[in-house]
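S.K.: Residue numbers (the numbering used here), protein chains in the order written: chain V, 1 to 570; chain S, 1 to 141.
No lab work stands behind these hints, which were simulated from the structure alone.
Note that the Cβ used here is the ideal one computed from N, Cα and C, for glycine as well.
Below 30 Å or equal to it, Euclidean Cα-Cα: the simulated DSS-like pairs (lysine-lysine) are:
#	chain 1	residue 1	chain 2	residue 2
1	V	K112	V	K23
2	V	K54	S	K2
3	V	K493	V	K554
4	V	K495	V	K37
5	V	K23	V	K37
6	S	K2	V	K324
7	V	K493	V	K324
8	V	K37	S	K2
9	V	K112	V	K37
Label-pair restraints from in silico Cβ distances:
#	chain 1	residue 1	chain 2	residue 2	range
10	V	D45	S	P40	17 to 27 Å
11	V	G209	S	R56	51 to 61 Å
12	V	Y544	S	P36	26 to 36 Å
13	S	G135	V	L189	26 to 36 Å
14	V	D45	S	Q127	19 to 29 Å
15	V	I200	S	E39	31 to 41 Å
16	V	I192	S	E39	23 to 33 Å
17	S	R43	V	Y544	35 to 45 Å
18	S	M64	V	T356	51 to 61 Å
19	S	M64	V	Y15	23 to 33 Å
20	S	T121	V	L237	30 to 40 Å
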Amino acid sequence: MPSLVLVVVGLGLFYLAYRTYAKFLAEKIYRLDPNFKTPAHELEDGVEYVPTRKHILMGHHFVSVAGAAPIVGPAIAMIWGWLPAFLWVVIGSIFASGAHDFGSIWVSTRHKGQSIGQLTAGLIGHRARVLFMIVIYFMVLMVNAVFALVIAALFIRFPTSVIPILVEIPLALGIGWLIYKHKGAGILLPSIGAVLIMYILVVVAGVNGWEVRVPAIGTPVVTWVIVLLAYGLVATLLPVWVLLQPRDYLNGHQLYFGLTAVFLAVIIGTFTADGLILVAPAIRPSPPGAPAMIPFLFITIACGAISGFHAVVSSGTTSKQLDKETDARPVGYLGSLGEGCLALVAILACAGGFATAGAWNEHYATWDGAAGLGAKVSAFVDGISFFLNKGFGISQTIGATFAAVVVVSFAATTMDTGLRLQKYVTHEFGEILHVPLLTKGWFATLFAVVTTGVLALYDGKGAGGLVIWPLFGTTNQLLASLALLVISVFLVKLKRPIAYTLTPMVILLFMTCWAMLLTLKGFWLKGNWGLLAIGVMILISSLYLVVKAVRILKGTEPPATVPAGAPGPG
Amino acid sequence: MKPRIILVRENAETLSCSDCAGSLEGIDAFGSHEVPDYEPVRRVMNQVGEIYLALRRRFGDGIMIDVVDPRNVIYLIPTLIGDFFRYRPPFRVFIRTLLFGISPASVIFNGRALHVGNLPTPDDLVQWVGNRLQGSGFHQP
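Looking at chain V on its own, in the form it has when it is part of the complex:
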């Protein structure tokens, strides 16, 4: 089947969903009121509460939700064939993520811009907040460990990508100095120029075979992970304006450029002589060594189908700036569809980006084949390079270097952000537990880096990424369930139907608990006691939060605080 069919069907369904299901949610369930005084108007201060037109918020929201995770998840899940991944991304984005992201903004808007995280803490009390932070800490820890392995794997498989990535660091440092210290400089030209320099280096490195390989300490993966964590340690100790913020500009350009290039390549490539054909099997229920498709598909693809982190952590900014309540639909629902589009690109690349089924099999013969995670993520890179070759005639070496640079840039920024988040949560624990050492910035950073390193390298080879990924997916989906539950609680208070938020919540909760129990059983049988302990802690903490919220929902337990700002029924 031509790849273009998948693009047309996927985007067509997203369009229909926005016109019908999102409209239904907006009018019948959330009952958005164009005359409701949003927090942006009620608390207008020009700083955080600013009435902002929907087109501005849509751009802001999309850039923040898109990243490396919607690429990695589908690239792994492709082992079960393209159809299950495609269906989960499309159905998940429409019915789960759409309702979740849209609903989170709506609930937050009705509560003076408080995020779902703050509402959850308010609803279920102080102990819940601590548990919540434990879950967040481990989740970010897993993201950091997995992305360190992803970057290491890509550097090893595509060594021509190392130089452009290394050069990105001084470029970002230069931009940081230019715009934050040498005030008065515009950002657009330098940032586009920096991305162009990176892409020129992609071409030069690809053509000349400029490869960077590191001497192996144990294995090359271990060496790269150590190098990356050393970089992470330094980057996290630096002020954000030095590296993190300027790199944000470069990544934004890469996101738009990469997405546009790939979609155009698919369309142009489809109309070339031999077209772009999906060579991956539609369904492959039992690939060797892989866990069962159901329930693991639902947690392998988290971001791209539904991601709890969107609502739990990031619902603050958008809802404080919503001009009209009715804008929650285009901003929240389209934002989730936007991330679904990125996941679709990943599915296309991994299913249709190969000349033959044999080439596809090299990546997906077995779950752990060709170093597991590295093989799956590099399927995305190879796929994109194939599309760029078919669509634009770009050499596959250059195309692969380009795709690897984009993925590594995204993953590195996520890792930088994640390490900082770990640092702050450690600081918070230090205050709660009265351990002054944990509140020291340098120690909290070191603690974050060391724990990430221990998790990434727990097997001594740095090949544990595929083992950690299901834990991350499970935690993310448990958080999504929690957010859907909070939205449902609010709908109950308003005496409105809850089936549209409770159904995806129940399905997610069931699948994630099932997958988590199977994962824990696997850890137990293999004697992975450290991972078993982390998994048990996450599962118990998450289930405690969910059970507590359900009891409040049923009225058998009073909420810790009554959410403010609730409108009357209707």
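Chain V is fixed; fit chain S onto it per the hints.
M.R.: Only chain S this time, still in chain V's reference frame:
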């Protein structure tokens, strides 16, 4: 045609690729302190907030005021191109604004960058805008 002022300033958060690590701003989500790393950004946010409120008080809904993060290029670039056709600044000014006018602290009025990198005081900007609008026959509320 309403005049448009774009106040460009960063939000105190990471933006791109923050999906699964959560934007740093999100630490507030579980009731923690504000992220100290973003203190300089918050200072600019506060300055822009004062300018925003001063403009709102003086001109009400008579002018459009957009507060935009400079990383939101998918909004800024099409808007500046649209403003070039809407307000007809000289082509040279338009190019300069597009390439050099977007910074972590900028004021853009009708497609023309007025301040880049350093923000004016609220009073100065209100006065400048008022003079400009009086010249063009704008009725102030």
